[in-house]
Amino acid sequence: MKRAVLLLLLFLLPILDPNPYHTEILSTAALYALLALGLNIIVGFVGLLHLGYAAFFAVGAYTYALLNLHLGWPFWVGLPVSGLVAGAAAVLLGLPAIRVRGDYLAIVTLGFGEIVRVVVTNLEDWTGGPNGLMGIAHPSAGPLRFGVEARPYYWLLLVLAAVTAWACARLRRSRIGFAWLAVKEDELAAGCLGVDAIRMKLLALALGGCVAGLAGCVFAAKQGTVTPDTFDFIQSMMILAMVILGGLGSVAGAVCGAVILSVAPELLREFAAYRMLLFGLLMIVLMRVRPQGLFGSR
Amino acid sequence: MTPGELFLQQLLNGLTIGAVYALIALGYTMVYGIIQMINFAHGEVFMVGAYLGLTAVLSFGLATPATGGIARLIIVIGIAAIGCGFLGLLVERVAYRPLRKAPKLSVLITAIGVSFFLQNAVMLGFGAQDRYVPEMLPVRHWGGGTVSITPMQAVIFAVSFLLMLGLQGIVYGTQLGRNMRATAQDPLAAKLMGIPVDRVIAMTFAIGSALAGAGGVLFGVYYSTINFHDGYLTGLKAFTAAVLGGIGNLPGAMLGGLLLGLLEGMAAGYISAQWKNVVAFAVLILVLLLRPRGLLGERLAERA
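Heads up: the protein sequence lines correspond to chains X and S, in order. Counting from 1, position 91 in the first sequence corresponds to residue 88 in my numbering; the numbering is continuous, with no gaps. Counting from 1, position 167 in the second sequence corresponds to residue 824 in my numbering; the numbering is continuous, with no gaps.
These are calculated hints, taken from the structure and not from any lab test. Worth double-checking, as some hints may not be accurate.
[Said to hold, decoys possible] Between beta-carbon pairs, the in silico distance windows are:
#1 S:L849 <-> X:Y271: 29 to 37 Å
#2 X:P15 <-> S:P791: 53 to 61 Å
#3 S:T882 <-> X:A166: 49 to 57 Å
[Said to hold, decoys possible] Footprint (simulated), chain X over chain S, 3 or more residues, beta carbon under 8 Å:
#4 757 to 765
#5 867 to 881
[Claimed, not checked] Calculated from the model, a selection of chain S residues having no Cβ within reach of chain X, i.e. all distances over 12 Å:
#6 L672
#7 R729
#8 V751
#9 A859
#10 R950
#11 L952
The structure presented is a predicted model; accordingly, all values stated were derived computationally and were not measured. Yeah, the Cβ is synthetic: ideal placement off N, Cα and C, and Gly gets one too.
From just these sequences and the hints, can you work out the full model?
Written out as structure tokens, the structure is:
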């Protein structure tokens, strides 16, 4: 009940406060909430430290951009396809990487993340190189007018994030969720109990990648352009920072971490040039005060 | 240029930048060796070193293109190295030491925080545009024909070689080095033997950061422009170098740095400059998949 009220409130927020700048921030926060939820499946649920998550975000964005520009596919068809393609990419890049563990996996994923970005930057015939792709169609849906204005995207992202959060919470308490937890805590013991660790990890990668793909598709449709520098290492680290700040494995934590880290730079805007400086300090202070994350256990 | 000459030239160019990667990689590998932590802010310390070098050159008028260029360059390197050494101490004290008992990933966040802070501090101080680093050494091309080595390249080789030799001397020839090796093997046992573990870890950061600062100056004078964004990609590559050689292993970091520079040089010469970053990371992934411990490394703990 409480959650329904909260959700309704969030839904009404851009109507209660019609300031377009605020709605823009809200939609950014919702986008990051979606991304943090997806990465939380990979890092929080099954314990794979992934440092290249922005790559799947990129795959989703470029999938929709290319399908729309070359084949004229509408957004609503592009959305699930982007999710699937990004999920498939996550599994494909995961297959060779999954055998290595711990810090090494982190480094492999970092490498893959960079490779995806550099490949996108250099395949100029397809991706427009560093200038990216332009003229990507905004969605259309009956009376709801999607344009450059943020409000409908906010609602769409809110729905996607809410559904993802709900699915994550359900998943965590399902057989799959317990298997993930077992793999995360002790892979050997999980294997002895009949949990196929590789399959569980790939499943987490697929789902996490899929969520990033959906986010990428909405992002591309909202911006109308995609450029490779959006999907750099810093982006991956920011999303990871949101998950860790919220508390690894916590669904509410991922959302809160995303909201804090995407709204904080805006709140610090009055400090103008000093805002990213203060943002860096804020991250240090937050972790020193609560090292396990806001909603983390232990 | 004949194929042989092209090869030789790319070899020289690659090894030059590889020597700089090696200097930075040493900092990553020392810190990893001693507390199993990937110091993601290390690239920014390198970048700060480059800017400290620039400041020293400008404020002391060290760029006057008369004689004694090498002596002046060494003063600049010394200033940057000392400055970065203190910066390393500060970063460790503020962002890492308080979290030593916290979950391992939380230091990743403080490291990102430090990165943002340093990047923006430099941007506020020096502007966001590329900064020109004055020539410190006469521009000459030794070697006559199409293959040439500049004085700057020679100095980079010499300085990095001497610094690595010095580090080797510290680690294997002094009490501090002995303490460092003991702490790396088993911090608890080291503490029980009366080794001031916290101070040893702080000194490890200081030395690694000083090397990165020296690397920053060499990078700046070699490319003659620096930007506050430079720490990110160069840091990432130096880290790649550390992994390539076997993270936690000092000779490995040097070998990894030179090898990565070499591969990049070859990729730039034979494929295209744009793709050289892909080559670096592709090699990294191949090494990790085929030989995860790196070229010279030993087996590592499994948990992140």
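Here is what the structure says about each hint:
With their beta carbons about 45 Å apart, L849 of chain S and Y271 of chain X fall outside the hinted range of 29 to 37 Å. Our hint of 53 to 61 Å for P15 of chain X and P791 of chain S holds, since their Cβ atoms are close to 54 Å apart. A C-beta distance of roughly 51 Å is found between T882 of chain S and A166 of chain X, which places it inside the suggested range of 49 to 57 Å. Taking a C-beta to C-beta cut-off of 8 Å, the segment 757 to 765 of chain S contributes 6 residues in contact with chain X, enough for the three needed, and the coverage statement holds.
With 0 residues bearing a CB less than 8 Å from a CB of chain X, the segment 867 to 881 of chain S misses the requirement of three and the coverage assertion fails. The beta carbon of L672 of chain S sits about 23 Å from the closest Cβ of chain X, which is more than 12 Å, so the claim that it is off the interface holds. Every Cβ of chain X is farther than 12 Å from the Cβ of R729 of chain S; the closest lies at roughly 32 Å, confirming the non-interface assignment. At roughly 7 Å, the least C-beta separation between V751 of chain S and chain X is not larger than 12 Å, which violates its mark as non-interface.
At the 12 Å boundary, the C-beta of A859 of chain S stays outside the reach of chain X, the nearest C-beta of that chain being 17 Å off. Not every CB of chain X is more than 12 Å from the CB of R950 of chain S (nearest about 9 Å), against its label as outside the interface. The Cβ of L952 of chain S sits about 14 Å from the closest Cβ of chain X, beyond the 12 Å cut-off, so the non-interface label holds.
Taken one by one, the earlier hints fail for this structure at numbers 1, 5, 8, 10, listed in ascending order.
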